[in-house]
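Enquirer: For reference, the chains in residue letters:
There are 6 protein chains.
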Amino acid sequence: MKKHIEKIKVLFEALPYIRKFYGKTVVIKYGGSAMEKDDLKESFARDIVLMKYVGINPVVVHGGGPQIGQMLERLGKKSTFFGGVRATDSETMDVVEMVLGGKINKEIVGLINKFGGNAVGIGGKDGRLIKAKKLKVRGKDMGHAGEVDVINPQVIENLDREKFIPVIAPIACDDKGNTYNVNADSAAGRIAGALKAEKLILLTDVRGVLDKQKNLITTLGLSEARKLITKKVALGGMIPKLKCCIEAVAGEVSSAHIVDGRVEHAVLLEVFTDAGVGTIIRRGGVKKK
Amino acid sequence: MKKHIEKIKVLFEALPYIRKFYGKTVVIKYGGSAMEKDDLKESFARDIVLMKYVGINPVVVHGGGPQIGQMLERLGKKSTFFGGVRATDSETMDVVEMVLGGKINKEIVGLINKFGGNAVGIGGKDGRLIKAKKLKVRGKDMGHAGEVDVINPQVIENLDREKFIPVIAPIACDDKGNTYNVNADSAAGRIAGALKAEKLILLTDVRGVLDKQKNLITTLGLSEARKLITKKVALGGMIPKLKCCIEAVAGEVSSAHIVDGRVEHAVLLEVFTDAGVGTIIRRGGVKKK
Amino acid sequence: MKKHIEKIKVLFEALPYIRKFYGKTVVIKYGGSAMEKDDLKESFARDIVLMKYVGINPVVVHGGGPQIGQMLERLGKKSTFFGGVRATDSETMDVVEMVLGGKINKEIVGLINKFGGNAVGIGGKDGRLIKAKKLKVRGKDMGHAGEVDVINPQVIENLDREKFIPVIAPIACDDKGNTYNVNADSAAGRIAGALKAEKLILLTDVRGVLDKQKNLITTLGLSEARKLITKKVALGGMIPKLKCCIEAVAGEVSSAHIVDGRVEHAVLLEVFTDAGVGTIIRRGGVKKK
Amino acid sequence: MKKHIEKIKVLFEALPYIRKFYGKTVVIKYGGSAMEKDDLKESFARDIVLMKYVGINPVVVHGGGPQIGQMLERLGKKSTFFGGVRATDSETMDVVEMVLGGKINKEIVGLINKFGGNAVGIGGKDGRLIKAKKLKVRGKDMGHAGEVDVINPQVIENLDREKFIPVIAPIACDDKGNTYNVNADSAAGRIAGALKAEKLILLTDVRGVLDKQKNLITTLGLSEARKLITKKVALGGMIPKLKCCIEAVAGEVSSAHIVDGRVEHAVLLEVFTDAGVGTIIRRGGVKKK
Amino acid sequence: MKKHIEKIKVLFEALPYIRKFYGKTVVIKYGGSAMEKDDLKESFARDIVLMKYVGINPVVVHGGGPQIGQMLERLGKKSTFFGGVRATDSETMDVVEMVLGGKINKEIVGLINKFGGNAVGIGGKDGRLIKAKKLKVRGKDMGHAGEVDVINPQVIENLDREKFIPVIAPIACDDKGNTYNVNADSAAGRIAGALKAEKLILLTDVRGVLDKQKNLITTLGLSEARKLITKKVALGGMIPKLKCCIEAVAGEVSSAHIVDGRVEHAVLLEVFTDAGVGTIIRRGGVKKK
Amino acid sequence: MKKHIEKIKVLFEALPYIRKFYGKTVVIKYGGSAMEKDDLKESFARDIVLMKYVGINPVVVHGGGPQIGQMLERLGKKSTFFGGVRATDSETMDVVEMVLGGKINKEIVGLINKFGGNAVGIGGKDGRLIKAKKLKVRGKDMGHAGEVDVINPQVIENLDREKFIPVIAPIACDDKGNTYNVNADSAAGRIAGALKAEKLILLTDVRGVLDKQKNLITTLGLSEARKLITKKVALGGMIPKLKCCIEAVAGEVSSAHIVDGRVEHAVLLEVFTDAGVGTIIRRGGVKKK
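Chains as they are written, first to last, in this note's numbering: chain A, 1 to 289; chain B, 290 to 578; chain C, 579 to 867; chain D, 868 to 1156; chain E, 1157 to 1445; chain F, 1446 to 1734.
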């Protein structure tokens, strides 16, 4: 009995957070190890389901993972990258769309549903959710690599209202019927903005934003964050993620989080505890959460 | 960090129960020690608030506790009891109504609100919620002691729909404007029936229903429960409570629980774990929860 | 038959007023003789019920009357007053809350229901309706005597929408769970403001605001009213009431009325006829009604 | 002041009736003197407006009055009647439709609006409200004289919901686009049935249904009424009206009233007093109102 | 089969227009030949029904046509005109109202319903839709000839929302209960403004606005149109219509069209093709449609 | 101009069909040539968009086409078929899901959106739309080949209500998280049943159901259809499709159509003309459409 009572008491530690985020929207960019290891996948799916049941509206935007590369390899397609962006010809685009929209998206939906959620997986073409334009890297045409132009969040709002959990593949379209692959972090950030989300959470495979001594920076104000991205050296791959966070927080998103997805229950830890597992970017930047 | 992850994991043990009772109504008769000891009062208030936040609709019906007796004593009023029922003259009725509706009801509201809920306290006159008729004990007129006649649950449904937590004092009225004091267990049972509640939980100061060897009976089917109340000896004060439970379960309430309110978080233990802290009465009677 | 036709014709004299106030909210501070004498109590209850049926939304805020003093006396508690405010220790607060919330409030609910209304009685803790802070009179701590800080009218709006008649006891709370007794006139005025009521009606035991010659002032513009309260001598106990009226009318309440509650059907006379039974305070101050 | 109080008291005599019919629908066939004399027209319009403001939904179905005959005469058209029904050729139909739908209907609308109502006048073609078929009198083709076939009450329900007062001309159509003139009593009865009205009130120019001694029969049960129409002699023109009432009451209309429209405020007298001004037909037939 | 496929292909030519005007309101002034010739009447009714079914909300405002003159003549009433306006005494007003509201209005309703629509015909008194004031022509009292003062579009919005097609006679009232005949073009223009319609279409019996060489002007900007009406000579009867169009477009109506109603399906041609059958007035004035 | 008028007239030939199917649901199984040839793809997308704009709710269920085979071949996977069903191992299932859900589904969405629709593409996992169980062919385990068990149409109803066009891939799940490939005809039939659709349309690459003389059978009653499937010889691949149709029509679907998808605008021809392009199965079987 005592054990049970102890457990009940633990529930109450979550209550202040539940109250705080009740009815709010949290957009999570899902990717990296959290999308590859079975235990992390399961802990992620459970986090999402629990959030939904306690009255928070999670919106999942996923990336591609290594599965795209594997499939391209099996099909004998080679990709060239330019400035970190894959030059995406039509055939490659087809493979990317199939893997993202047909395989990964539905796998996440299945996983969430398995743990009691009711997810609906869509891409950026559905309901004209993500309109993109051609991405040019230093003037170079990258084929079907696109950048987000406009978000029409109606289909997500609709699914939210009806108690579904939206799961979104970072595929986009333009008015002429072209398909684009867009960066998932960037799509998540823009979707968070369009939904006026409470939080944007980017799952990564690092501890968060580190300073020169490789210590974790737990909190960043907008201006600090802006300064940081001018000192490109130290941050490694963090710059594009930081930019997404800055754009979101400069808009109507209350806070953005770069979170270590290798930690079990990383999402709930970030939302439901003061511990946090990464770097938080917020307008003021001072107090935690 | 590990500690935090452990705690998050505990949350998930509650998830199957949250899912099961999502959107359902649970009527709790609140009284006894749980209404007297500060730590139990607080643990009760927290239980109610948590339930509301995870999508369950708790409805609290409270009894009077020793505060009525204390006030009557201070005012020099003596009560005579007959068959366990207080012969209630007009002056006594006034004191009962003041203590129940003005003091205890608002104390519970204040407590729930203090822990983050949004309670509204009413009595049976409000919105004509509880209509009563005179209670006669073996033909004897008991004054303003009444028994529940009709429940008009509209005001509760309305408060529920608007996300308030209803807290109800067992005062009733009739069409002629008379006031009655009704038994709180019985009011709770009838309200549960009118709301087609998922659960009726009666908090007591005993372990539950005991057999002849003073062992706790954890589960009772309807027919077993009916048999039991014919063997009056063993049950002590349990018979009226059992009758309430039987009536509720014979109606549209899925299960009724006689629960040991002296245990911290007794309500959540009953709703959110398989442990349970008392006796459950249900139609079939077989499986737990 | 003729008699019947005459009566029907009388109905039509009310029609212009019914049309004018259709769908509007009228907040009535109920107290004094109107709350003590049986015939006035009944005429008040009938006024409220009729208003509700013809499409007006009455909201009743009641005071305490002599019943609080009587109960304190019976319990051997003596009160000290300071600047007209009762120094309210915890024990006194308990008695005040019981009498206001448990006795008077429910008596009014019962009375309104007896005449065909559907009232719901609540206090300022319910739905966090009235948030108060400590009232200090010339720097002196008055215990649980409070002044209104914030009105959260959601619970009243909700009851109105569902066709109930809200009856409100002037008890308040703060975020720490403390209970306060607040002035009923002041609570009524602030509630009228929060509801953007059409009218605020304060029932008193005098004819209204009188000039130096003891003649009734029937109409006051805002600026006249403000001037008047600086000349404290003549007005006797009217100053706090006038202040409430000024604050309400300076806000979004169309007019405030200080009305002689000793007159039968004082409320309906004020709302449904041009006769009026007291002083009206309005922004312009010129035309009656 | 006393005079005002007396008047207020009169209001309360109406309250039990207001409560009883709150939210209910009352269909009134308007015609005869009540539609011709200026004072009666005004008293009728006021009755309708007052009913609407106190929460009752009046629906007015009007007849033609002598205005149709006058216009036909001015245009030199002669009508032949057969079994009391006008043989209606196309030219006559045009005149009937103009007078009913263009003149009388809009006059009533204007009158109701003048006294503060918000009426909308329509005919049976509008929203396909009244579908009719050819009326044959003893096998004889009566041209555009029709009998009600089907009522589609959607347009009335819609106007009611939006707080308008529907005023209906007894013109009808069929699926082929033909226009028919239907009996107004009959249209009112069928519309009352389709709306499941609380009351059907037929205004006439007689005292009501009389017995052989020319005494007013104040109440008729269904079976009595049915017997009565077999004894055709005594009733004069009452038989078609009685048939309408019987059909309505045999359906879902609670009571039907044949009322003396020559009495001022005949409608309100019938609805708001026990006096009544005619004959009531109801299923049981026993108690008044 | 081929023939069928060809026809299906024709449907698609309408699709861009259907998409463009989906959910929008189009106010059509109906009159002239289109209201007199059987084939044009039918083609008009079909146009309205089709528009409704494809998601556009047509609102029909009709004029009087020669039927008013014919009826006045039959009744031996002579009309004098002054500045093109009929001096309207009470008797004439009665005839106008009967013919407009009782005959023509219901004929149009019947016609639309015959082709599958669900029309409801009302006038400006209904729901106080059109409030007018006396029209004075050069200081001369024109009796019941009025000009539009205020539009209360609630009743139209209500009918639209419930999927009815409103058909409106240009009769108006004032607050004193007077009836007025107002110009139908002007009523249509003002109603279009009150409804923030997408289009105002005035059906005429000419090709549209012609220049000095009698060539059709297909498009007019606001400023061009304003200039044009100062050059009164060339335009003949077009000036009042142009003024209506200018007022509508200067308000919130996107475009106004003066259209040749002698052409079959003139309304649909204007709405569903680029052909157009008259003159379009729009703010910018440049591009067609 | 004449040409335009001719075209407008063609619109009206569609009107009776638009009226008939207004607000109704039509489920279309899309596959075969209609999904492969560019002109047919475009004509299909246009048909769907037009239907949506004229108030019909199309729901598209697509098959896989040769694209699955091509992808499997490219990846070097060989499929064995048993009783016409592909034995589907996990790797094959992955490919099927990717091609169906990621490639074909989104291609159809993109196509519909390109022509002005607003489609949302989902699979049977989304919102738990299609629950399946293992399909056994003569006792043989077919791996991930499944048969439809339960349809939860909530997500489709939701999209319909919000004006989206649902496009559905025939992927399904079970409660344990397994993925199944289900027959698209069968999924379309069951979805039509769950939505109580007006029509089920199966696009094929044949003329329809043929009799022994290879003549098209245009109409089949339920009992005729049932007889036909016992005579397996003549029908070739039609039997499973006929079974779907029979099941749908035996349920609450009004009619089922086996339609030649090789004909341009086959869907609209079937819905909007009497021509029809295949076989219709209906309960009575007699009259066309």
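There may be inaccurate statements among the hints.
As a list, the in silico BS3-like pairs of lysine-lysine whose alpha-carbon atoms are at most 25 Å apart [said to hold, decoys possible]:
hint : chain 1 : residue 1 : chain 2 : residue 2
1    : F       : Lys1469   : F       : Lys1676
2    : C       : Lys741    : D       : Lys891
3    : F       : Lys1608   : D       : Lys1043
4    : A       : Lys133    : A       : Lys196
5    : B       : Lys309    : A       : Lys20
6    : D       : Lys908    : C       : Lys587
7    : B       : Lys465    : A       : Lys163
8    : A       : Lys176    : E       : Lys1290
9    : C       : Lys774    : C       : Lys602
10   : E       : Lys1352   : E       : Lys1368
11   : C       : Lys714    : B       : Lys465
12   : A       : Lys176    : E       : Lys1387
13   : C       : Lys714    : B       : Lys403
14   : B       : Lys465    : C       : Lys692
15   : A       : Lys2      : B       : Lys291
These are computed hints drawn from the structure, not numbers from a lab.
Enquirer: Which earlier hints turn out false for this structure, listed by number in ascending order?
Expert: 1, 3, 7, 8, 10, 11 and 12
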